[in-house]
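Colleague: These are the residues of each chain, in order.
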Amino acid sequence: MAKRIDIGGLNAYYGSHKAIEDISMTVEPRSVTAFIGPSGCGKSTFLRTLNRMHEVTPGGRVEGKVLLDDEDLYGPGVDPVTVRRTVGMVFQRPNPFPTMSIFDNVAAGLRLNGSYRKNELSDIVEKSLKGANLWNEVKDRLNKPGSGLSGGQQQRLCIARAIAVEPDVLLMDEPCSALDPISTLAIEDLIGELKERFTIVIVTHNMQQAARVSDRTAFFNLSAVGKPGRLIEIDDTERIFSNPSVQATEDYISGRFG
Amino acid sequence: MTHATTTDIQDDRPRIAPEPAKGGLSSRTLPRWSPIGFAVVAIALGVGISLAAGWHSRIQWGLISALLFLAVSYVVTTVVENQRQAKDRLATSIVWVCFLIAVVPLASLLWTTIVRGSERLDGYFLTHSMAGVLGPEHSGGVYHALIGTLEQVGIATVIAAPLGLLTAVYLVEYGKGSLAKAVTFFVDVMTGIPSIVAGLFILSIMLMAGIEPSGLMGALALTILMLPVVVRSTEEMLKLVPNELREASLALGIPKWRTILKVVLPTAIGGITTGVMLAIARIAGETAPIMLLVFGSQLINSNPFEGAQSSLPFYIYEQYKVGEVASYDRAWAAALVLIAFVMILNLVARGIARWKAPKTGR
Amino acid sequence: MASTTPLDIPPAPPETRSRPRSTGRAGDKVFLGLSRGSGILLLVIMASIAVFLSYRAYLALSENEGNFLTTFDWNPAGDPPVFGIAVLLFGTVISSIIAMVIAVPIAVGIALFISHYAPRKLAAPLAYVIDLLAAVPSIVYGIWGALVLVPYLEGLNLWLDQFFGWTYFFEKTEIGAARSLFTVGILLAIMILPIVTSVSREVFLQVPKMNEEAALALGATRWEVIRLSVLPFGRSGIISASMLGLGRALGETMAVATVLSPSFLVSLHVLNPGGGTFAQNIAAKFGEANPLGRDALIASGLVLFILTLLVNGAARLIIARRKEYSGANA
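Residue numbers (full-length UniProt numbering), protein chains in the order written: chain A, 1 to 258; chain B, 1 to 362; chain C, 1 to 330.
Here chain A stands alone, though its shape is the one from the complex (with noise of 0.2 Å):
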């Protein structure tokens, strides 16, 4: 059920410094969207305003509107922890938790949001991690810790925990800044298969990567140090590498800054 996101005027900040100003996009249901940019641009801060995340942060505030299909998540009345169900979430290092089996941090956002009997549960888990790719490496061992996995398989873990609660869209930041080559590809090529169900938005300082996995991209930048990071432009990605509209996206991409 993946949807929409409508993003108008947004703002965040940490304390008194502004992060992000004045953003305002579309994310298209059904397909990827990559966020690009140099570090501190506020890239990952804006998509940590996608779900919520960003005012778990002490003194993170956001001003502006972000539309689910229509409804603001920012909305009076909204509860934030719904919000984080709706929106799943993988992040830049692999975190899963540490003291559990592989089966129980799948299971872990559906034990949260109500009960199961013990057959619809496994079935869900099977389904999730077959989602992730992972179910035919793990399948024997579902009761052994998650940690013991390696780099490149505890992400895939965590992608089918953040997909097991079927939420509406996944954030996904820089999901494999810290693997490895070949982990990288496995869950590329997930991504690829996972864009057919979800919405989903990406976080990559890794261009090539943007390029090979995003529908649509989205740019930031920041004018100096210190400034606040702004969306320069978004487009359809193949437009954005062979003939951005901007000057400065094209000098990022084509390495001249960042």
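Read the hints as simulated data drawn from the structure, not as lab findings.
Watch out, some of these pointers could steer you wrong.
Said to hold, decoys possible - Have a look at the derived ranges for each label pair, beta carbon to beta carbon:
(1) B/100 with C/265: 34 to 40 Å
(2) B/176 with C/25: 16 to 22 Å
(3) B/243 with A/178: 23 to 29 Å
(4) B/244 with C/25: 23 to 29 Å
(5) A/93 with C/161: 55 to 61 Å
(6) B/33 with C/151: 33 to 39 Å
(7) C/165 with B/41: 28 to 34 Å
Stated by the list, open to error - Straight-line Cα separation of at most 27 Å, DSSO-like style, residue types lysine-lysine; simulated pairs:
(8) A/130 with A/195
(9) A/65 with A/18
(10) B/239 with C/29
(11) C/285 with B/321
We put the CB at the ideal spot given by N, CA and C, even for glycine.
Start from chain A and add chains B and C according to the hints.
Modeller: Quick look at chains B and C alone, frame taken from chain A:
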């Protein structure tokens, strides 16, 4: 919710989940002030019930109110929001109640000491001993005990601080192999020795060697209690000194011992001072070893090496045991002096730690 | 911490360079000798504590006509001298258990309050105050307990007796002030709260941010984050903090000596006045003890020493294990 768009997994999912249906991000929520409302209701009910039942203990009133608070907020939240939120609120309430439960006795302790202690605390009290003062008399003072505490703690510090410092230097700068491991382990073990056991140890030496009680013996027991604290804190501080500093000095051809004396220790001196002061604060309040080894005295004895002495904590115990109104007053006043001494040491020590902290490079 | 391995400092530069300074080598030797010497001295102290206490205890036990472990009496001045630690062991363990049962959940609650619930501006000063409270001398807790807490607890005791008397534990069969093992337990709980709180808080603050975010991103409430990430990570830390607190409670002398009205009885009616603990008994009996009596007290102190060694050793072991464990996952 349109079923046409659901995916295959979606169809298999059981519908037991108590969450609001997808698409509804907002749900009924209680206003932000509701915990205060619950608290008011709970306290009113608690006081009402207690009065009706004729209970006198305020502790009971508080406990009843606390339990009612938990119950009311859980039930209301379950009804208005949902069970998960109710559990979350329950946990929040319990954590707050824990905090309040802990604050009450600790605040009462400080408050009582300050109020009761300030009744007798004056210049006379600080400058006179108990010589010739009988229990019920409203006179006498703490001077002899102050001298005793200062001397005993002073001797203990003079022995324990350098010993502890050197041990920590050994552990951090030289230590490897089984000796260092053993020392580390036994420092930990030593931290847990009850003060009365340290006292008994010195006592058993005194019994063997036929030594009479004196301030020095008490100081030796205090040394045993102080030593591991100094070692631990100094060790932590030395570990914070960046290795680059040591290497820079060694690379200049400066011998290791001079590197430690001139580079490592000065860098960590703030933290080490803090650790020593906190250790002093800890042993200044020890009573048990003094009782066994120094014996206590009503008179001024400024010679710690011969004859019985008193000390502040022991004085408090003594006056408490007398059991008269006047002696309780003296006990509270001495307790106030002792707490003030310990707290000032703590505050100054932490002040030094904060003031020196940036220089350790962390 | 960048410099936890100060051992891999490169060996001192070749001798050719340090030749001009002949004090270097000798100074190094002296300094190393001094610092190693103090380390060894510390070990010697520990060993002699064990040896001296054991020797005096042996002297006492060889004259004891009763069974040291099972006798319900303490009369080393009698003829024949009879003394045993059964009552003391019972009282020490019971009062410490009561203290743990009360203090550990509350301390964990306060630690969570400081690390995860309190407004940020309140958290730091609060942690500071808790640390300060750990420094309040035990004798002050003692007179507060005896003069303020005991009268206050009388109402609670009546109430417990009235409504929970059927549990046997809370049945008060003897009248008298609340100078009972239960009151001692409550006072010990208050005394160990600060230490258990501050150690637990440290552990809770060490929970990796990414573990908590994992739970948050799944749509966990604050309590669920704590249940999924914080408590599993902090479990061994809580255990070792509790053990450290237990070590304190077992050996506490003055607070127990001021509050308890001692008797040489074993009773599970914890509200009844009476009972005794190792440390309290030493403090109470020392003044009037004859030479054998002193040795007998030393013997009971040896048992207390071993008891606290075991508890503290276990706590340290758990901490050490946790370090390895969390290091593997870092």
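Colleague: Given the hint of 16 to 22 Å, is the C-beta distance from residue 176 of chain B to residue 25 of chain C inside that range or not?
Modeller: About 20 Å separates the Cβ atoms of residue 176 of chain B and residue 25 of chain C, which means 16 to 22 Å holds.
Colleague: Residue 65 of chain A and residue 18 of chain A: Cα distance at most 27 Å?
Modeller: holds (16 Å)
Colleague: Does the beta carbon distance between residue 243 of chain B and residue 178 of chain A stay inside 23 to 29 Å, or does it fall outside?
Modeller: Since residue 243 of chain B and residue 178 of chain A have Cβ atoms about 27 Å apart, the given range 23 to 29 Å holds.
Colleague: Has the hinted range 34 to 40 Å been met by the Cβ atoms of residue 100 of chain B and residue 265 of chain C?
Modeller: holds (36 Å)
Colleague: Has the hinted range 55 to 61 Å been met by the Cβ atoms of residue 93 of chain A and residue 161 of chain C?
Modeller: Distance hint for residue 93 of chain A, residue 161 of chain C holds at roughly 57 Å.
Colleague: Is residue 285 of chain C close enough to residue 321 of chain B, meaning Cα to Cα at most 27 Å?
Modeller: holds (14 Å)
Colleague: Take the C-beta atom of residue 33 of chain B and the C-beta atom of residue 151 of chain C, compute their distance, and say whether it sits inside 33 to 39 Å.
Modeller: With a Cβ separation near 37 Å, residue 33 of chain B and residue 151 of chain C satisfy 33 to 39 Å, so the hint holds.
Colleague: Taking 23 to 29 Å as the hint, is the beta-carbon distance of residue 244 of chain B and residue 25 of chain C inside that range?
Modeller: holds (25 Å)
Colleague: Residue 239 of chain B and residue 29 of chain C: Cα distance at most 27 Å?
Modeller: holds (22 Å)
Colleague: Holds or violated: the 28 to 34 Å window for the beta-carbon distance between residue 165 of chain C and residue 41 of chain B?
Modeller: With Cβ atoms ~31 Å apart, the hint holds.
Colleague: Is the Cα-Cα distance between residue 130 of chain A and residue 195 of chain A 27 Å or less?
Modeller: Given pair residue 130 of chain A, residue 195 of chain A holds - Cα atoms ~15 Å apart, limit 27 Å.
Going through the hint list in order, the structure satisfies each hint without exception.
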